[in-house]
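Enquirer: Start from the sequences, fold in the hints, and give me the full structure.
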Amino acid sequence: MQWDVIIIGAGAAGLMAAITAARRGRRVLLLEHQAKPGRKILISGGGRCNFTNLYASPENYLSQNPHFCKSALARYTPGDFIAWIEAHGIPYHEKKLGQLFCDRSASDILEMLLSEAAQAGVKIHTGVRVHSLRKTEVFVLETAHETLLADKVILATGGLSIPKVGASDLGYRLAKFFGHRMVSPEPGLVPLIFSEAQMAFAELRGLALDTRVTLPEINFRENALFTHQGLSGPAILQISSYWKAGEVLEINFLPDLDLAHLFEAWVQEKQPAQVTSLLDAYLPRRFVRFWSEKYFPAKPAFRFDPAEKQALFQALQAWQMLPAKTAGYSKAEVTTGGLDTAQVSSKTLESRLVPGLYFVGELLDVTGWLGGYNFQWAWASGHAAGQAV
Numbered sequence: 001m002q003w004d005v006i007i008i009g010a011g012a013a014g015l016m017a018a019i020t021a022a023r024r025g026r027r028v029l030l031l032e033h034q035a036k037p038g039r040k041i042l043i044s045g046g047g048r049c050n051f052t053n054l055y056a057s058p059e060n061y062l063s064q065n066p067h068f069c070k071s072a073l074a075r076y077t078p079g080d081f082i083a084w085i086e087a088h089g090i091p092y093h094e095k096k097l098g099q100l101f102c103d104r105s106a107s108d109i110l111e112m113l114l115s116e117a118a119q120a121g122v123k124i125h126t127g128v129r130v131h132s133l134r135k136t137e138v139f140v141l142e143t144a145h146e147t148l149l150a151d152k153v154i155l156a157t158g159g160l161s162i163p164k165v166g167a168s169d170l171g172y173r174l175a176k177f178f179g180h181r182m183v184s185p186e187p188g189l190v191p192l193i194f195s196e197a198q199m200a201f202a203e204l205r206g207l208a209l210d211t212r213v214t215l216p217e218i219n220f221r222e223n224a225l226f227t228h229q230g231l232s233g234p235a236i237l238q239i240s241s242y243w244k245a246g247e248v249l250e251i252n253f254l255p256d257l258d259l260a261h262l263f264e265a266w267v268q269e270k271q272p273a274q275v276t277s278l279l280d281a282y283l284p285r286r287f288v289r290f291w292s293e294k295y296f297p298a299k300p301a302f303r304f305d306p307a308e309k310q311a312l313f314q315a316l317q318a319w320q321m322l323p324a325k326t327a328g329y330s331k332a333e334v335t336t337g338g339l340d341t342a343q344v345s346s347k348t349l350e351s352r353l354v355p356g357l358y359f360v361g362e363l364l365d366v367t368g369w370l371g372g373y374n375f376q377w378a379w380a381s382g383h384a385a386g387q388a389v
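According to the UniProt record's numbering, the stretch in the sequence shown is residues 1 to 389, in order.
Simulated from the structure, these hints should not be mistaken for laboratory data.
Quick caveat, the model's predicted, so the values are computed rather than measured.
Quick reminder that beta carbons are idealized off the backbone N, C-alpha and C, glycines included.
Please note that the accuracy of each hint is not assured.
[To be verified] Here are the computed distance ranges between Cβ atoms for each label pair:
1) GLU86 <-> SER57: 20 to 28 angstroms
2) ALA202 <-> LEU149: 54 to 62 angstroms
3) ARG134 <-> GLY46: 38 to 46 angstroms
[As the list claims (entries may be wrong)] Derived PhoX-like pairs: lysine-lysine, alpha-carbon spacing no greater than 20 angstroms straight-line:
4) LYS299 <-> LYS270
5) LYS244 <-> LYS325
6) LYS36 <-> LYS164
7) LYS123 <-> LYS36
8) LYS176 <-> LYS135
9) LYS70 <-> LYS347
10) LYS294 <-> LYS309
11) LYS164 <-> LYS331
12) LYS309 <-> LYS299
13) LYS270 <-> LYS309
14) LYS244 <-> LYS299
Expert: Put into structure tokens, the structure is as follows:
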């Protein structure tokens with residue numbers, strides 16, 4: 001049998017593309033190399049699936065071409081997906097910053113997608129490993145057990161993050177075979193590891209603080225979490241997608257406070273308490289004591305000399321971290337980089353090199369922020385390709 005469309009990869013983007021195409025009367029075969037589809041959906045958001053973000057916009061995505069994602073995102077919005085899950089009676093809530101989660105379980109989202117796929121006539125084959133893909137008059141796809149033919153093919157194989165749920169480089173290899181360029185893939189939304197020189201700070205593991213974390217081109221204001229190896233937490237995961245080896249992060253542990261003004265008030269009052277005791281009102285005591293041992297004396301503010309005062313400000317509001325590396329793909333939520341979007345139509349997501357070949361989701365050089373943005377890209381890109389095939 002020759003299929004109208006074969007989709008490789010039954011994650012969020014692949015399922016959306018399959019449903020959209022099948023609803024338009026296409027004969028669709030969806031292939032998945034895992035035993036079950038949608039495994040990454042099930043583990044996302046701590047098992048609650050942060051399925052979109054109310055405020056998703058092109059500014060929330062990284063890409064060498066920041067304009068590429070605009071068309072797909074404009075044509076399938078968070079409101080479109082919300083209306084869909086509401087029609088299925090799936091309860092959800094906003095956690096913070098526009099992040100929407102299922103009230104019950106991520107399985108609600110996956111079951112909705114699988115139900116919609118079945119109703120639309122999508123055929124899903126699991127446990128299928130694709131060995132090769134070539135194009136003659138049609139696409140010829142070889143698996144371990146059969147040869148499949150299709151008029152069009154959508155690659156929805158994702159990136160390299162979280163290999164334990166089946167991530168692989170299959171999509172990259174197939175795209176390269178057809179002549180597509182790559183933007184170097186890297187782990188994204190990933191914890192950062194201390195250098196040997198700063199490994200002592202791992203003593204603070206388990207401590208989370210409200211921070212502003214800054215690189216020259218961007219900053220994020222959310223919690224940072226000390227771990228046994230480095231730093232994690234939302235602010236660190238966000239900025240990790242932008243971080244390059246050798247770059248220094250600047251961290252403000254008192255982002256709402258004018259520390260210089262407060263310090264001068266303590267000086268004017270001749271406040272007899274030690275600065276460490278005064279800082280306990282703003283920061284965890286464990287952190288203050290550890291930081292004091294490293295950077296500033298435990299004595300009243302009016303006894304600080306100019307160098308000590310500057311060291312205090314630097315340590316608390318412009319602390320420097322030079323990460324040794326990221327925690328790697330096993331801990332990364334996404335993969336940055338991917339297929340060069342210059343060789344892909346932003347409207348249809350079709351290859352500019354190979355007519356009938358499409359790319360969706362994380363496979364492309366489009367990476368969203370933490371907080372439901374990557375799911376929204378999966379829905380939007382899958383919908384755009386499904387409409388086009």
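Enquirer: Could you work out which earlier hints the structure fails to respect and list their numbers in ascending sequence?
Expert: 14
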